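With chain A's structure known, arrange chain B on it following the hints.
Those protein sequence lines, which keep their order, are chains A and B. In terms of full-length UniProt numbering, the first sequence has 125 at position 125, counting the first letter as 1, and numbering is strictly consecutive. In terms of full-length UniProt numbering, the second sequence has 265 at position 265, counting the first letter as 1, and numbering is strictly consecutive.
Among the hints, erroneous ones may be present.
[As the list claims (entries may be wrong)] In silico DSS-like links for lysine-lysine, alpha-carbon gap of 27 Å or less:
#1 Lys152(A) - Lys62(A)
#2 Lys21(A) - Lys210(A)
#3 Lys84(A) - Lys216(B)
#4 Lys295(A) - Lys116(B)
#5 Lys93(A) - Lys116(B)
#6 Lys215(B) - Lys81(A)
#7 Lys234(A) - Lys7(A)
#8 Lys215(B) - Lys84(A)
#9 Lys116(B) - Lys151(B)
#10 Lys154(B) - Lys393(A)
#11 Lys210(B) - Lys84(A)
#12 Lys93(A) - Lys216(B)
[Unchecked claim] So these bits of chain B aren't anywhere near chain A, every CB distance computed over 12 Å:
#13 Tyr7
#14 Phe30
#15 Glu43
#16 Phe155
#17 Gly211
#18 Tyr250
Hints listed in this document are in silico derivations from the structure and should not be mistaken for laboratory results. If you're wondering where the values come from, they're calculated on a predicted model, not measured in any experiment. Just so it is clear, CB atoms sit at the ideal spot from N, CA and C, and this is done for glycine as well.
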Amino acid sequence: MLKTFPKGGIHPPENKLTSSKIIKRLAVPKMMNVPIAQHIGIPAEIVVAVKDKVKIGQVIAKSGGFVSSNIHSPVAGTVTKLDKIIDSSGYKKQCIVIRTDVKDESNFEEKEYPLLQEITLSSKEILQRINDFGIVGLGGATFPSHVKLNVKEGTKLDCLIINGVECEPYLTADHRLMLEKSEEIIVGIEILMKALNINKAIIGIENNKKDAIDLFKKATKNNSKIQVAALQVKYPQGGEKQLVRALLNREVPKNGLPLDVGVIVHNVGTIFAIYEAVQFNKPLIERVVTVTGKKMENASNFWVKIGTPISDLIAEVGGLPEGTRKIVNGGPMMGKAIKNTDVPVTKGTSGILVIAEDEASRGEPKNCIRCGECVYVCPMGLEPHLLMNLSEKGLFERASNEDIMTCIECGSCSYVCPSDRPLLDYIRFGKSIVKKLQTSKN
Amino acid sequence: MTDSVLYSVLLLVSLGVIAAVVLYLVSKKFYVYENPLIGEVDELLPGANCAGCGSPGCRSFAEKLVNTEDISNLFCPVGGNDVMKLVAAKLGKEVAEKDPTVAVLRCQGSCDVRPKTTEFQGPRTCAISAMIYSGETDCQYGCLGDGDCVKVCKFDAMYMDETTGLPVIITDKCTSCGACVEECPRDIIEMRPRNKKDLKVFVGCLNEDKGGIAKKSCAVACIGCSKCLDICPKEAVTIVNNLAYIDPAYCTLCRKCVDVCPTHSIIETNFPPKKVKKVEEKVVVEKKEKVAVVKEPIVEPVNDKTDA
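With the rest of the complex left out, here is chain A (with noise of 0.2 Å):
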C-alpha cells in the first residue's frame, strides 16, 4: 500500500498530456515585463532607471524587507519603461518593461552547465547566496526560499522534503525537470542538507510518475541519505501539510509551518534553482512552464524567461485552438484564469492551461443537499458548506473561529459539489476578510 494522506483528497483526471514532451528553450521575446512583485511579502524596490542598460542576471529590483526577495534582468538588453501591467490577479501591477538587445549574444548563448557536485561553500555562504540571487518557492506559492531555510537556533530540524508530488492535472513541468535534471537535483538536495545540518531527506514523488521514481532510486542507490518515496495519486498531496503526513505520518499543527514538527518542504524546482545558484551563481530568471490543453496539439514544457508574455508561449505552440474560453495561468484546480495574453510569466507560473468552451463553463449553483461531500473531501478537516454559509452570511467572527484561515484553497470542494455551489469563492472571500479583521486587531 503505498503512503498518501488520510483525510479527504479528491482524484480528478489527470490529463499529464505533456509528460514525454522534453522541455524545450522558448526564444527569448523582443520585450520583457518583469513584475516587481512575483512573491509572497513585500515588493521588491526598483533600483533601475528608465533608459538604463542592464546585463543578464543583474539586480534590476532589490528586496524590500526581510519577507521579499531580489529580482533580476532575464535578459541584457535596456529598461524602456517602468509602467503598470497588469498580471494574472486582473489588475495592473508595476512592471519593468525591457527590450531585449538582439545583438547581444548572451540573450541567446543556450548555455549548458556542466553537472558540479563538490560543494565548496559553508552553510552560511549557501544560505546568503539563495537570498541574494532570488529564489523562490516554485511550486506556486512562490514564498522567498531564504526566509523558509532561516530557522532559529534550537529548532529541532530532522528531515528535508522534496516535493515532486506534481498532484496538479494537467501540469507537467516538474516531472520533466526531475527526468531531465536529476543529478542536479540530488546535488541541489545535498547542498541543502548541508546548508541546513541535516541528515536526512526524502524525495516525495507520486506513483503517476513511475520513472522519475525509477531514475531517482536508481540515482540514491549508493546515498544512505536520500531516500524516494512513492506516493499513492491523490490531490492535494503537494500541499505541505498533506505530503508532510503522508511521508512522514506528522501533523502539523493549524497554524504553524511544517518547521514545527522538524521538516522542511522544498519543491524540486525550487531545488534546481537553488542548485544553480550556488553552484553558477546564476539568478532565478527563467523557470520551467507547461503549456498545455486538450486542444493543444504542440503543447509542451518550455524553460521561459521570466518576464516573457504569456501570448509568446502560447504562439510557440501553434496560438490559440478554436472555441478556447479560458486560459488559465497555473493548473485546473488551483490556477487563476487570466484576463488576457499580455499576462508576464512570472516566478509562480507553473504551467499555462488553455480550456475549451464544455469544460470551462461553471453549472448554475443550487441549494445545498447536506449531502456532505465537500467536508469529506476537504484535506484540512473543515466544513466547506458552512465557511461558505457565514462568509455569505457576513458572519465572519465565527468563520474565524471554525478555522476559515487554515483552508489552503485548493478547491476539491468545490470540484465535487453536486450543486455546483461556489464554495471555494465565499471562502475566500472570506479569509480576506479575517485577515483584514486579525490585522487590524493586533
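Frame of chain A; chain B shown alone:
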C-alpha cells in the same frame, strides 16, 4: 362547588400578590439609573438604525450624544441639521452645522460605452468580483455592476438599471447614511454636498490609466487631458494619476469644465437644459474666428427664453 371556586380565586390572587411584591423588591434592588435624556434624544432621532453616524443604531448614538461633553463632531446624516438642532436644544450643547450631502456614482461605464472583454461565472457580488479579478471589462477602477450598494441601501434609494448595468441613486430618497460608500469595493460612490436644487458637477470616472489606455477600455473615461484644469476659474480641479477631481468646496457650478471635457466624463445633474442647438450652430459657424466666441454660449444664462 362554591368552595373550590373561592379557593382557586384566593390562591391565584395570593400568588399574584406575592409575585408582585417579589418583582417590586427585585426591581428596587437591581435598579439601574439611566439618564432619561437618552430616551428623549432617541425619540428625536430618525430611528432608521442605519449606522450612518458611526454608532450601531439610533439608541447607542443617543447614548453617545448624551454622554459626550463635546458633540460637535457627532452628526446624524439622515436627520441632518434639523434633527441636530433639536438635539442641541434638548441637551444644551453646541452642534456643528453640516451641509447636506448626497451619494453620487462616479462611473458612467454602461454596457455600451465600456465593452465586456471577459465573462465571470462566479458568485455575483462586487466584493468577490473585486477580490478575484478586475471585473468583466478592461477598466479596473469602474463599477463592477453586481449591486452590492443596492443590497446594502436601507432606504430603497438605489436600484440597478438593467440597460446600463449601473446602479442608480434616487437622490430624493438618499439620506447620505454612507452605507453604499462603505460597501463599494472600488470606492466609486462619493458623498457630495447637495444644494437646494441639487445641482452637482463632478467627474464621473475613477480610471487612473493613461489617456489612451483609459479611452480604449471605456469611451467616457477621464483621460487626464487637463482641459478642465485649465478652464476652471476657481482652481477646483486637481489632476492626480491621470484623473481629474473636482473639489466641491471650491466648485461654483459654472459648468465650464463640462463643456470642454472631450470624453464627456464630467457629469452635471439637475441643471435646466441648455439651448443645445443654438450653441452648436454658433460653434460650427464661428469656430475659426475666435476661441472666445466658442466659450461665449457656455456662460450665457440659460433661462433666457425671449431671445429664442
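Could you work out which earlier hints the structure fails to respect and list their numbers in ascending sequence? As far as the earlier hints go, not one is violated by this structure.
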